[in-house]
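Protein chains in written order, with the working numbering: chain A, 1 to 452; chain B, 1 to 297.
There's no promise every hint is true.
Taking lysine-lysine pairs in the BS3-like style, the calculated list, with each CA pair at most 30 Å apart, reads [what the hints assert, rightly or not]:
1. B/106 x B/194
2. B/131 x A/310
3. A/96 x B/40
4. A/300 x A/178
5. A/433 x A/404
6. B/40 x A/244
Since the hints were made in silico from the structure, they are not lab data.
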Amino acid sequence: MLKRKALTSLLALALTGSLVLTACSGATNTASTVNSSGGSAASNADEKVTLRFEHDWTEGMPQLPVFKKMMEEFKKDNPNITIQEESAPDTQYHQKLKTEISSDTLGDIVINWGGSEVKSAVKNKQFMDLTEMVSSDSSYKDSFIPGILEGNDVTYQDVKGLWGIPINITLTGFYYNKKIFQNAGLEPPKTWDDMLNVINKLKATGTIPWALGAQDGWRAEHLYSQLFYKINGVEPIYDLASRKVKYASDIGEAPFKYMEKLRDLGAFGSNPAAVSFQMEQSEFMSGKAAMNFSLATYAKKFTADDSPIKDDIGYFAFPYFSDKSQNKDDMFAGGGLALSLNSKLTGAKKDAAVKLLKYITSISGQQQFEEASALIPTVNVQQNTSTPAAKLVNEFRATFKTAKHYSNDMTDPDGLSSMLTKLRDVSTGLMNKQLTPEQAAQELDSEIQNNG
Amino acid sequence: MFTFKKNKVLIIGFLIPALFFYIALMLYPAFYAIVLSFFKWNGVASLGAQFNGINNYLILFRNPVFWLSIRNLAFLLVVSILTQLPVAFLLAYLLSGNIRGASVFKVSFFMPVILSATAVSMMWKLILDDKYGLLNNFLKAVGLEAMSRPWLTDPHLSFQVITLINSWQHVGYFLIILLAGIATIPEELFEALKIDGAGIFTTVFKVVIPLIKEVIGVCVVLIMTNCMKTFDIIYVMTSGTFGPNNVNQVPVGLMYYRSFVEDNFGQGSAIATMVLLFGVLISSIVYIKGFQQKSDV
Chain A
1 MLKRKALTSL LALALTGSLV LTACSGATNT ASTVNSSGGS AASNADEKVT
51 LRFEHDWTEG MPQLPVFKKM MEEFKKDNPN ITIQEESAPD TQYHQKLKTE
101 ISSDTLGDIV INWGGSEVKS AVKNKQFMDL TEMVSSDSSY KDSFIPGILE
151 GNDVTYQDVK GLWGIPINIT LTGFYYNKKI FQNAGLEPPK TWDDMLNVIN
201 KLKATGTIPW ALGAQDGWRA EHLYSQLFYK INGVEPIYDL ASRKVKYASD
251 IGEAPFKYME KLRDLGAFGS NPAAVSFQME QSEFMSGKAA MNFSLATYAK
301 KFTADDSPIK DDIGYFAFPY FSDKSQNKDD MFAGGGLALS LNSKLTGAKK
351 DAAVKLLKYI TSISGQQQFE EASALIPTVN VQQNTSTPAA KLVNEFRATF
401 KTAKHYSNDM TDPDGLSSML TKLRDVSTGL MNKQLTPEQA AQELDSEIQN
451 NG
Chain B
1 MFTFKKNKVL IIGFLIPALF FYIALMLYPA FYAIVLSFFK WNGVASLGAQ
51 FNGINNYLIL FRNPVFWLSI RNLAFLLVVS ILTQLPVAFL LAYLLSGNIR
101 GASVFKVSFF MPVILSATAV SMMWKLILDD KYGLLNNFLK AVGLEAMSRP
151 WLTDPHLSFQ VITLINSWQH VGYFLIILLA GIATIPEELF EALKIDGAGI
201 FTTVFKVVIP LIKEVIGVCV VLIMTNCMKT FDIIYVMTSG TFGPNNVNQV
251 PVGLMYYRSF VEDNFGQGSA IATMVLLFGV LISSIVYIKG FQQKSDV
């Protein structure tokens, strides 16, 4: 009897344990399969080919109608090419991307965000190196904004090559409420001395000077990255990635110290670590906060018809430090979305995919996205000025044109995939007064040491 | 009579399909996760896994966040047992008496169990929000502003709050199990105790609890396994960060981050293996040594 009970108990425990373990291994054992659509041989202009095009543009997104229209036109000119779209909303799309990289079943043309998410696909040569394609067509190559084809989202320091063509630029800067500034007799700040003055005066009026949702790590990390570029310049991020420099140094600690200073000054209200990104936007849009350091993408939301601040919104560039004016034009920006090709493409299929890729990413293609304010093109297009959002984005773009060096998240070149998460964690930790600047920097070094 | 000896083939025939799925979808992946914990693998099948010895474990043991997650898990286990069990027992004991409207109470207490963890977490997140939450605004309205806190971001408070919400959600489940356990005690026994003049203390501690000891044991094991799997409630309440700065991290959360965010399946599997060992060990001790009735009783 006792034996039977013990056996039953053990079986129950084994079941419990396996439930926990299964969660981890469930997605791991996927077989390596060859993409059946990737094996076309002969190259013939009239040969019928089908291309799998993967994207995350779903119903309601401004990119979708532009893309659909472009595909219709492309099909008219190329009746032998059939485009099989595979789309999914953002979160599911990221998961799809991960699964397909894992099982080596990526589509023929794949929209992605570069960086560590697709690095394994690059390392494993699942993506095609587009260096040759671009360098053999100088007019196509020269149409891109300088530096954008060398960005951290389509290139990797340790895997030489060009792994995607960027079609959207991430731009950052400050949105501000003109009415609040006017009432307080303030001008948009240019330097950090001006900014501190603005913060103090806004605080005196009872307004939250700067809406920041540091509960979401990426918000605090974006601030760290941008402060890093203005204090140290962009270049030292490569020294950190190659471990020439430690985070526990003047370079790594200085931005944290400035964040601490702003936090203690009350720049972000009483407790920014309790504010989510959603609340950050509500604070700014409701007029409770006067400034918001954010992405150009949100210009549309802030100027929408139902936005309470649509008539009062303005833009200014992230201030620079007077004593670090050499880094005035180093900024948080870069390619934010790219099109990559499957390396298995050959013959007519490869030709068709290259043709389609160029069609979308060329000036005429990206111009259509610009006109619909659907993307911020990576080529020099005629700027759309028809809507308040487009005008606002053009102000972001004007700043970007002066950029000397630029990069997105400062951990982008880092080979350790957990660094971005860690930087986000410690940035929030600092805003929550859990960590001092020195401790935050040490935690980043520990992450490297522990995983080294 | 339907016996195993007479219907061997039929019984085995019915058991084999279930056994096959259990082995293929539970035991094999679990075993594979243990194997994977000794490899370095980023999830790309065609890249293959490289043998990494015990490095995944060494890296894990060096990581202070792992130990923090273990401390949080221990806290969650202890507090969950100390809150869920007594509250569930008290309610079950009260509801087992012939009180009016018992069904209404049962449904009310069981309601949080049938709600999804995401819905519960979102609700509490809105209630406990620092600036716009119901609780802090209520405290402000009644002049108790000094008591208001950043409930979900204060590093000294947030995990305690999440633990209590987790207990609140699950207490109804154990209430039903204990109620069923108490219902198995013959009514005559309670009548005899009444005639003998036994007080409530004697009835509960000398009779009811010993008689449902095994049921309580099952509840303890279930609470523990629930705690070890706790993920969704923390994930939602911390907006997926388990923070600020990992203060609300638990081993399963760390496993998720290592495996599915950072594509480090070797380390994720090492964490899963540790959770398995920890879970089997603690549950075995608690259930076999602590609550199983002696065979000669």
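Cross-check of the supplied hints:
Pair hint residue 106 of chain B plus residue 194 of chain B holds up; C-alpha atoms about 26 Å apart against a cutoff of 30 Å. Under the criterion of a C-alpha separation no larger than 30 Å, the hint pairing residue 131 of chain B with residue 310 of chain A is consistent with the structure, at around 25 Å. Proposed proximity of residue 96 of chain A and residue 40 of chain B is supported: the alpha carbons are some 22 Å apart, at most 30 Å. In summary, the hint linking residue 300 of chain A to residue 178 of chain A is supported, as the alpha carbons are separated by about 17 Å, within the 30 Å threshold.
Distance check on the hinted pair: residue 433 of chain A and residue 404 of chain A sit about 34 Å apart at the alpha-carbon level, beyond 30 Å; violated. For the suggested pair residue 40 of chain B and residue 244 of chain A, the alpha carbons sit about 25 Å apart, so the restraint of at most 30 Å is met.
Figure legend: structure checked against the earlier numbered hints; the only hint not met is number 5.
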